[in-house]
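**Q** Mind docking chain B on chain A? Use the hints.
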Amino acid sequence: MVSLPPVLLIAFPLFFAFLAPLINMVSKKAVKYYTMAVLLLNTAISLIIFLNVLEHGVIYEELSGFYPPVGILLSVGYLGAILALLINALAPIVYLSYFGDAENSVKFSMIYMLVTASSTGIVITGDLFNMFVFFEITAVGSYGLVASMRTKKAYEGAFKYIVLGTIGSSFILLGIATIYGYLKTLNFYDIAARINTMPESARLMSFIFLIIGIGVEAELFPLNGWVPDAYEGASNRVAAFFSLGPSKAGIYAIARLLFTLVPLVKGFNLAMLLGLLTLVIGELAALRQKDPKRMLAYSSIGQMGLILVAFSMHSALAFTAAIFLMVSHALAKSLLFLGTRGYKEGVLRNPWVAGPIFIGVLSIIGMPPFPGFWGKWYLLVNMAQRGFWAVILLIIFAAIVEGVYYARFLHRGTEGEESKVLTRSEIAAITILALILVLVGMFPQYLYTPAVKAAAALMGGGP
Amino acid sequence: MRKAIAIIISVAVFVILAYFFVTSSAPINYTTGGDYVNPINDHQANQSVPQQYLNDSRKDTGSQNVVTAIVVEYRGFDTLGEVTVLFTAATGLAILLGEYKRRIEKAVEPNFVTQVATVIILPFIVIVGAYIFIHGHLTPGGGFPGGAIIASGFLLLLLVETNRGLPEKKLSITESLAGMSYALIGLLGLVLANEFLENYLPTGIFGTVFSAGIIPLIYIAIGFKVGSELGGILHNIKGVHEE
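If you read the sequences in order, they're chains A and B.
With the numbering used here applied, the first sequence corresponds to residues 1 to 463, in that order.
With the numbering used here applied, the second sequence corresponds to residues 464 to 706, in that order.
Just so you know, not all the hints are guaranteed correct.
[As the list claims (entries may be wrong)] Calculated cross-link-like contacts (lysine-lysine; reagent style DSSO-like; alpha-carbon spacing at most 30 Å):
id, chain 1, residue 1, chain 2, residue 2
1, A, Lys-29, A, Lys-453
2, B, Lys-633, A, Lys-28
3, A, Lys-290, A, Lys-184
4, A, Lys-160, B, Lys-701
5, B, Lys-701, B, Lys-632
6, A, Lys-29, B, Lys-522
7, A, Lys-28, A, Lys-453
8, A, Lys-32, A, Lys-184
9, A, Lys-152, A, Lys-32
10, A, Lys-28, A, Lys-184
11, B, Lys-632, A, Lys-28
12, B, Lys-522, B, Lys-701
13, B, Lys-633, A, Lys-29
14, B, Lys-466, A, Lys-152
15, A, Lys-290, A, Lys-153
16, A, Lys-344, A, Lys-290
17, B, Lys-466, A, Lys-28
18, A, Lys-29, B, Lys-701
19, A, Lys-453, A, Lys-290
20, A, Lys-32, B, Lys-633
21, B, Lys-701, B, Lys-633
22, A, Lys-153, A, Lys-28
23, A, Lys-29, A, Lys-160
24, B, Lys-466, A, Lys-32
25, B, Lys-522, B, Lys-632
26, A, Lys-344, A, Lys-266
27, B, Lys-466, A, Lys-184
28, B, Lys-522, A, Lys-160
29, A, Lys-32, B, Lys-522
30, A, Lys-453, A, Lys-266
31, A, Lys-28, B, Lys-701
32, A, Lys-153, B, Lys-701
33, A, Lys-153, A, Lys-344
Simulated from the structure, these hints should not be mistaken for laboratory data.
Isolated chain A (complex conformation) (with noise of 0.2 Å):
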């Protein structure tokens, strides 16, 4: 089989993300092609390293011809080719959404193909401040994406997003002053290695740096203040673009820094406090909402921060789960934002938008055979023969609460005449979703065997 080197994945979609105004002055409508173009072609790369993992293991690139610690290593385990091959397959369907449109400019296309870069680039990448500038260029392709509505809400959102974001950045930037100051270096493995040579405080100190400044990214509960308004400005394809890039990056970005970079048992402790606060407030404030839009940002935050739950059980099991959880939010939380565009009373009265809409939901509240229930099994399991009673109590609690407001919610667009609303392209967009959603349920021993894999490797501090 051919075997391509990763940084395919990013070098590709930032050159023809340049080369797009120039297409655009030949011809002002061959742009949206040419993006889907770009985006399949990534699909396709991001598949083919996928597999080449699967066969050989870990992928390592040494970039400009250097020996790791000196240049920057791009390492592809098995955790990041599952979310790489996640976020570039569905980039390009939810951008199929758009096709319906007249009105598609060129600078969007552009910060669109960019942020799928950026986002791949942080789950590939294996240097700490490689890592940061990825993070630079998501979270400011991501203001441009939210402001690029227009509307007042649009520059709300924005605003408050570009504030927490720049502060996240300079949280990381600090905790990466700090590592670099005590380890003089930049690589995760030199680091992992090393780790233990750093005082306790100076370790502290970093995790505390690290996991604020990713927090933001990730959504997790002090530091997503930005989220509920991001994402009721932004469009609703924006929206749906932020749960499967950015949002993954960044909570991938929290498991690289809680099992390889600094792993410390306070720092788990920690993180299972952060995701518990994470999920039950997100959840309470979700039930509260009227407004589809920021219910579904709500409870986006509140997968979050199950997933940060899973993370910080500490095993493999769990692991798997939070793998599995991700794979579902991704898909579900983008079908269900393409697909609640001018969400009102009888829009579910249209069979073709009903069923991708119930299948998502479905996966988002845990009902078998979708990847959602498959996350939340693994998890209650592992935590039932661990004796975590009191997690698992507040788990079903928030699974309750989930039910509660996606049943008015359906309810909601049940009523009623029939309306449409939403154009051909976009139910094609959410049907596709849909059938992924269904085919990795059905067959979860698919994902299982790479994510159980992924789960050993993040548990022996490996890529």
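**A** Just chain B now, kept in the frame of chain A:
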């Protein structure tokens, strides 16, 4: 017709690039093979990374300026990312401001001295900027400061020419071409050498302009890109938008 040409060009670019990279023998280091050694198991790990930069940069890159060697060679991928951050920010700003209809307000007529001085100074500003980014591997400075200096020339032009903006289309073409050439210089590394952004040109005589392999080429691309990008930002924030 134009649409057909655009589609044909993009398909051709795709096919050529895809062919190049599938057939190129880019090596991949797997865990079992490859030359990746855990730094802890290796004697070189005793030498800290900053020390290694200072000791080996002349041998590795042929660049007289160690900072440039680090920025463009050792951590060149990060620099490509930083260029992209600037590009993304400029694009986001253009989404916010660029598509409004704008009215240029003639607030104050620029005085005679400014007008005449600008014509005299402008070529020198451009020459200084170009000098700084062409000599980035020899003297302090490089693509980013050089580009910023050229953009300050654009600012002066905007102050004098109150009626017109900058040639936005030309700036945009320059920006695209410069960004693409940076990415292409990196991608050629995969084909001609082994790795992305690896040096594949002779390093030349240490301390002369034609030395240090691909570093001057990358800095020239960055200089053009930063200059045209900042110029585009200045163009976008000029004027008052009308509803």
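**Q** Next step is simple, just say for each hint if it's right about the structure.
**A** Hints, one by one, checked against the model:
no., hint, verdict
1, A:Lys-29 to A:Lys-453, "violated (44 Å)"
2, B:Lys-633 to A:Lys-28, "holds (17 Å)"
3, A:Lys-290 to A:Lys-184, "violated (51 Å)"
4, A:Lys-160 to B:Lys-701, "holds (25 Å)"
5, B:Lys-701 to B:Lys-632, "holds (16 Å)"
6, A:Lys-29 to B:Lys-522, "violated (50 Å)"
7, A:Lys-28 to A:Lys-453, "violated (45 Å)"
8, A:Lys-32 to A:Lys-184, "violated (45 Å)"
9, A:Lys-152 to A:Lys-32, "holds (27 Å)"
10, A:Lys-28 to A:Lys-184, "violated (49 Å)"
11, B:Lys-632 to A:Lys-28, "holds (15 Å)"
12, B:Lys-522 to B:Lys-701, "violated (47 Å)"
13, B:Lys-633 to A:Lys-29, "holds (21 Å)"
14, B:Lys-466 to A:Lys-152, "violated (36 Å)"
15, A:Lys-290 to A:Lys-153, "holds (16 Å)"
16, A:Lys-344 to A:Lys-290, "holds (11 Å)"
17, B:Lys-466 to A:Lys-28, "holds (8 Å)"
18, A:Lys-29 to B:Lys-701, "holds (29 Å)"
19, A:Lys-453 to A:Lys-290, "violated (42 Å)"
20, A:Lys-32 to B:Lys-633, "holds (23 Å)"
21, B:Lys-701 to B:Lys-633, "holds (17 Å)"
22, A:Lys-153 to A:Lys-28, "holds (29 Å)"
23, A:Lys-29 to A:Lys-160, "violated (34 Å)"
24, B:Lys-466 to A:Lys-32, "holds (12 Å)"
25, B:Lys-522 to B:Lys-632, "violated (42 Å)"
26, A:Lys-344 to A:Lys-266, "violated (46 Å)"
27, B:Lys-466 to A:Lys-184, "violated (53 Å)"
28, B:Lys-522 to A:Lys-160, "violated (48 Å)"
29, A:Lys-32 to B:Lys-522, "violated (46 Å)"
30, A:Lys-453 to A:Lys-266, "holds (26 Å)"
31, A:Lys-28 to B:Lys-701, "holds (25 Å)"
32, A:Lys-153 to B:Lys-701, "holds (25 Å)"
33, A:Lys-153 to A:Lys-344, "holds (19 Å)"
Violated hints, listed in ascending order, are 1, 3, 6, 7, 8, 10, 12, 14, 19, 23, 25, 26, 27, 28, 29; each of the other numbered hints is respected by the structure.
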